[in-house]
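With the hints as a guide, bring the two chains together.
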Amino acid sequence: MSTTSSHSATVTLPSDEEILITREFDAPKHLVYRAYTEPELVRQWWHARRGTMTVVEIDLRVGGEWRYAMVADGGQEVAFHGTYREIVPDERLVTTEIFEGVPAPEPGQEVIDTATFAEVDGRTRLTLLVACPSREVRDMIVASGMEDGLQDALDLLDELTVTLR
Amino acid sequence: MARAATTADAFNAVAEPRRRQILDLLAGGERPVNDLVRLLGLAQPQVSKHLRVLREVGAVDVREEGRQRLYSLNGPALKPIHDWVKAYERLWTERFDALDLVLDELGRKEEDDEHHE
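These protein sequence lines are chains W and C, in that order.
Residue 982 is where the first sequence starts when you use the working numbering, and the numbers rise one by one after that.
Residue 7 is where the second sequence starts when you use the working numbering, and the numbers rise one by one after that.
Derived list of chain W stretches under chain C, where covered just means 3 residues or more per stretch with a C-beta under 8 Å from a C-beta of chain C:
{"hint": "1", "segment": "992-1006"}
{"hint": "2", "segment": "1011-1020"}
{"hint": "3", "segment": "1023-1033"}
What the hints contain is simulated information worked out from the structure, not anything from laboratory work.
We put the beta carbon where it would ideally sit given N, CA and C, even for glycine.
Looking at chain C on its own, in the form it has when it is part of the complex (with noise of 0.2 Å):
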C-alpha cells in the first residue's frame, strides 16, 4: 500500500543526499535510469529506491518510452520546500552578514593594538 505524502515525507525525500543529488542531476532535463546510475555511481536497485522515495512524495515524475523510464523534477511540488529552507537560510545570512560587521572592527583594533606595542 503506498503511503501518504505527508510535509514530513517530502523534507525527508528532500533531504538526504544523494536524493538531493539526483534531483540536482534532473534539474537539467529528463534522464532515463541508466544515466542517474552512471552519474551516481551507484548500483540500480539503489539508485530505484531513492527515486522511488522521490515519486512516493511528488518529486519527480516518470514516463515510458520503448524500453526506458525517464524520470524528470517536478519542480512546482518542489518549490514550497525550497522556500522553506530559503527562508530560514535568509534568518542565517543576514545575521551573519551582521557578524561580518564586528569581525571587520575586531580586526582593525587588533592591527592597532599590535602597531602600539
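If we strip away everything but chain W, and leave its shape as in the complex, we get (with noise of 0.2 Å):
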C-alpha cells in the first residue's frame, strides 16, 4: 500500500473556541462511520494504543447516549461520555463531550463534537470538529493529548508564559 499523502492527523485552531482534527482513510466512507459507531470496532481504536479499553456503550439514535472508558498503561483511568444531537449515517455525527475527571459542565456549556464523512475516490476525509464553551476549556483539552498527563501540560503552560512575558 502506497501513498503519497500524509497520514498523519492534522490540527489546527480556526477559532478561540474550536479544535479541528482532519485525517484521510484508504477506505469508503460507510467503513469509516461503521469503526466510528459500532462498539465492537471502537473498542479496537479508540485507546490509541496507550491503554485498555473498559467500557464502549454506545445507543446510535438522536438522544440516545455513549460512554467510552479505558484504563491507561499507568493506571489513570479516563472516561467520556454524552449525547447524539444529530445522526445523518455515513456523512455526519454530532454529540456532547463530556470528560469525567472534572465537574460536570453546566446544561448549554457541553463540548460538542461534529464528525464528518467525505469520500473521494474510495478514500474518505474525516473532519473532527470540537467545539467548546470558552478558550480555556479548549486549551485543556489540547493539554490532555499531552503524553504523560495533565502536569506535564500545566508546567508547560508555566514555561510558556515566563517565555513570552
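Here's what the structure looks like:
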C-alpha cells in the first residue's frame, strides 16, 4: 500500500473555542462510519495504543447516550460520555462530549463534537470539529494530548508564560 | 497600554489563519512589511494589525533598517505552543493509525462477502 499523502492527523485551532482534527483514510466512508459507531470496532482503536478499553457503550439514536472508558498504561482511568444530537448515517455525527474527570458542565456548556465523513475516489476524509464553550476549555482539551498527563501540560504552560513575558 | 501576554493570548495569536500564514512566511527568514502585504494579498493596515498581535505575544521580532521595518520569527517563543498542539496531534495520529487496522480488516471482510455471494 503506497500513497503520497501523509497519514498524520492534522490539528488546527480555527477560532478561540474550536479545535479541528482532519485525517484521510484508505477506505470508503460507510466503513469509516461503521468503525466510528459500532462498539466492538471502537473498542479496537479509540485507546490509541495507550491503554485498554474497559467500556464502549453506544446507543446510536438522537438523544441516545455513548460512554467510553479506558485504563491508561500508567493506571489512570479516563472516561467520556455524551448524547447524540444529530445522526446522518455515513455522513455526519453530532454529539456532546463530557470528560468525567472534572465537575460536570452546566447544561449548554458541553463540548460539541461534529464528525463529518466525505468520500472522494474511495478514500474518506474525516473532519472532527470540537466546539468548546470557552477558550479555557479548548486549551485544557489540547493539553489532554500531553503524553505524560496534565502535570506536564501545566509545566509547559508555566514555561510558556515565562517565555512570553 | 500594552496588554500582558498570557498563554491564551499566545494561542489566539497563533490560531488565527492569517497570522499562521505570516508565521509560515517568516519561517523562511526576515521580511519587510511590504513583502508580507504582497504575498498575503491583504491591505497594509490589516497586515500591520496582525503583526502587532504577533509582536504583543512575542511571536515575532521587529527591527528598523533605513526606512524599512523588518519582521522575523521568534522561534523559541513559539516552540511550547507548537509542542503542545503537536502532542495533541500525536494522540489523534496514534488513534487513527489504530483505526486504519480496523478499516483494513473491514475492507477485507467486505471483499470476502462479495466473493461468496
